[in-house]
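Listed below, chain by chain, are the residues.
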Amino acid sequence: MAVVDRVQGEAGEEEGVRQPLETAVVRFAGDSGDGVQLTGSLFTLSTALAHHDLTTFPDFPAEIRAPAGTTYGVSAFQIHFGGREIRTIGDRPDVLVALNPAALKVNLDDLRPGTVIILDTGSFTERNLRKAGFTEDPREDGSLDAYRVAAIDISGLTRRAVAHTGLTSREQLRCKNFFALGLVFWMFDRDLGPVIDWTRQKFGRKPALCEANIAALKAGHAFGETAEMPQLPAFRVPPASIEPGLYRAVTGSEAMAYGLLDGARKAGLQMTFCSYPITPASPLLHVLAKLRGYGVTTFQAEDEIAAVCAAIGASYAGALGVTSSSGPGISLKSEAIGLAVMTELPLVVVNTQRAGPSTGMPTKTEQSDLFQALYGRNGDAPVVVLAAASPADCFAMAREAVRIAVRHMTPVILLSDGFLANAAEPWRIPDLDALPAFPARFHTDPEGFAPYARDERLVRPWVRPGTPGLQHRIGGLEKRHETGEVSYDPENHQRMTELRWNKVLKVAEDIPEQELEQGDPGDRICVVGWGSTYGPISRAVTTRRRRGEKVAHLHLRYLWPLPRNLGDLLSGFERILVPEMNKGQLVQLLRSRYLVPAIGLSKVSGRPFGVAELEQALDRLSEECP
Amino acid sequence: MNAPARPLQPKDYASDQEVRWCAGCGDYAVLKAVERVLAEIGADPANTVFVSGIGCAARFPYYVATYGFHGIHGRAPAIATGVKLANPELDVWVIGGDGDMLSIGANHLAHTLRRNVDLTLLLFNNEVYGLTKGQLSPTAPLGSRTPSSPLGSVENPLSACRFALAAGARFVARGIDTQKDLPAILRAAHDHPGTGFVEILQNCIVYNDGAFAEITERAVAAERQVHPVHGEPLLFGAERRKGLRLAADGSGLEVVEIGPDGEGMEEVLRHDRTNLALAGMLAALEPPMPVAIGVIYDNPAPVSYERALRGQEEGERERLGEADLGAMLRQGPVWMVTA
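Chains as they are written, first to last, in our numbering: chain A, 1 to 626; chain B, 1 to 339.
Note that these hints are calculated values from the structure, not bench results.
Cβ atoms here follow ideal geometry from the backbone N, Cα and C, with glycine treated the same way.
Straight-line alpha carbon distances no greater than 25 Å define the calculated SDA-like cross-link-like pairs of lysine to any residue that follow: (1) Lys-290(A) <-> Leu-320(B); (2) Lys-218(A) <-> Pro-333(B); (3) Lys-11(B) <-> Val-486(A); (4) Lys-202(A) <-> Leu-320(B); (5) Lys-105(A) <-> Arg-127(A); (6) Lys-266(A) <-> Glu-314(B); (7) Lys-266(A) <-> Ala-323(B); (8) Lys-290(A) <-> Gly-332(B); (9) Lys-290(A) <-> Gly-311(B); (10) Lys-202(A) <-> Pro-333(B); (11) Lys-133(B) <-> Leu-477(A); (12) Lys-11(B) <-> Phe-449(A); (13) Lys-266(A) <-> Gly-311(B); (14) Lys-206(A) <-> Pro-333(B); (15) Lys-202(A) <-> Gly-332(B); (16) Lys-266(A) <-> Arg-330(B); (17) Lys-266(A) <-> Arg-310(B); (18) Lys-266(A) <-> Glu-322(B); (19) Lys-266(A) <-> Gly-315(B); (20) Lys-290(A) <-> Glu-314(B); (21) Lys-290(A) <-> Glu-322(B); (22) Lys-11(B) <-> Pro-446(A).
Which chain B residues stay away from chain A? Per the calculated CB distances, all over 10 Å, these: (23) Asn-156; (24) Thr-178; (25) Arg-218; (26) Gly-231; (27) Ala-301.
Among the chain A residues that face chain B by a calculated CB cut under 7 Å, a handful are: (28) Thr-297; (29) Glu-335; (30) Gln-471.
Taking the hints into account, I'd like the entire structure generated from these sequences.
So, in structure tokens, the structure goes:
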């Protein structure tokens, strides 16, 4: 995958000859005020239009406007694209665009020898070098010798290119991201047209700025064409074979919002979405708040507890109550989730996980709330736990969460994470009308009505207040079986605890059997993942299988109850490796549930697994048990 | 089909559940008052919901023959907000105590009031934690000796009505559990289109008996209570020979004695239920001044919170016309991949 592997000895390319690359990883990095995220999303648009498959990931600082030039103020955007199916954001960049010294500093550790680094030398002032923590200029002390450094005065060239527009010097400099974008467009042989159109639409009301950005974009592109710098290679990446259809790029947050909306629609319910701002979960609230004409009421509550309680109140009143947060907020909601368990109401709780404990690292990803989802409540309080595997998968799993919550009258915790929420990938827009419906049923018949009577799935009736003759009271106190009256009877509590437990277990009869993503039940090793580790595990297993190794990939989307055939499936493998972005939570669940000798692989650096890390773990496993 | 065939009587609103408050608890009187109001307004039990938190008062929903939700400690206003968001047509009452609503759930109370959700919200204030056996509550007077403050409380108490006004409540009233015209106050709160907030001074016979005796005892009631009536002078006392006027130094209200020929009457303030400044001064009155009992403030907002939200959503649906989610997904930056 590394550029260096494929282009060695080709430094003196002839003009017009582009080096072929199957896939490429480009990382844009700069100050949080440099427009890096915009640059990345425009490059993404162009990449999609060039018919590459792709995955993107923004990496921005927790501080909103961190002091300029500092390492903690560096904002980055990575895109992995190419001519085959792209499943990860790419382990390491092939091209790094560093718009200031701090951006170079924080990304150096991720680079391999031979990586192309495009540096804005105009920003390499003594002051900026000092702010970035360089004691010496890295361009001069030999520390960049292993890389192909294209040192270009992007700041100066941008100023010259836009001088005619009448912008102030400061405003001129803010166009330098467009110069860099133009340069990278040249590297990958992209058409400038769509981005110019976009720029005209976006900045149409500010003609000078619009003109300047387009001028900078063209100047960057022209620079690439004419510079003839050997450090600045040009590439040709083939289009991917992609299933025909209409596509759009979605982040996990967007796909989640659309899935919840479609789920509510298919259940025949108005959604009441109640949330409190928290990183990285807030984008879900933002997306839904813009879609209030499509059957959702959004409520920004005064705190996390009010958000979940309002969602429960909404479900009680006959709507679909949904609440969303990240780990710290889910902690605050725990008591109320227990209330939803006791009152047996539908409730969807989305947890966009982040690095913990406590406030942890709000903008960094982790999967360390699995135990919280499974067990984090007082009393025996079982809920259904689901996890999405990719940004686009958030759509399907959000629909599943709604379906299960409504059909089984239970809270469902749907786990996403900071990576899934922010990463984007192309999504073939589904025909929503063709997706199955699962209409909610409300009980209306007063004849023999009992609020805690159960059907064969152990599910109690859902009654909308307003229904004549069915007035009843529910609450957090223990209920008498069937009548729902308050009861402290010891035998009744035993019975109700078991009913609540078995009701959730019975959901296993209503979910698909577990399948292998790759491989066969007879393979030697099974890599078991859940959530956003899907991409890197999938790629690592594909690579191994191409080499003829008997490695399978199993990915869990249903974490409680577990799929009914999972135990049998796992028992067929010699070795089970469970990579997780936590200290080993799923591995413990699988070991205790199925008594299988699963081995964990833990990563809690705030970053997704790299494919290479997984391959190394598979190597170790093979060495230990040849 | 929803309308009852014959007018329901107060007793028709009692559920079949055995009431389990202590004998002599003030809550019984409030329950009777609420049942009377429900009968008066012809409440449809199927369309009425009582929501509560945790505490003695919070058992209330079990005893009313409507829909009911006994929530968790402090969260009743939030649950009730969710009920109204989902179905604004439901008539929702919220019941809680001083610990429920002013301690663990004070945040929800404040925000529900400022949003002005259309609820009738009754705060039973007995200045003590009853269900947990007598600890200090946020409204307990300085010096209160309780199991959790055996040396006497050194905390300043919170005033429920001043809290409500500060939070932006558009209806604030105070009543007494055994007061004859409590139903009229509750009715006014219910009729208010928005959050109708009522603090009910409620006696806890076990842990805080006589907490409000200095206001409610027959011998002192006339001197220690002023019952504001919109448009009427603020008079009190056995012979109604005392009035409230603005203190010359602007510090609040003071008592003016009315002379035999009405001297001083011209200085007595007339109650204006829409006057927020006056409401603040009335709500702040404490013994030895007369305590304001009745509707202190009633100034409806043009629209309640959930109606405003629904209005926005209807506007959005009109703007979108036939457009559905599927059509929305096909708009914006999309691209076609062909075979």
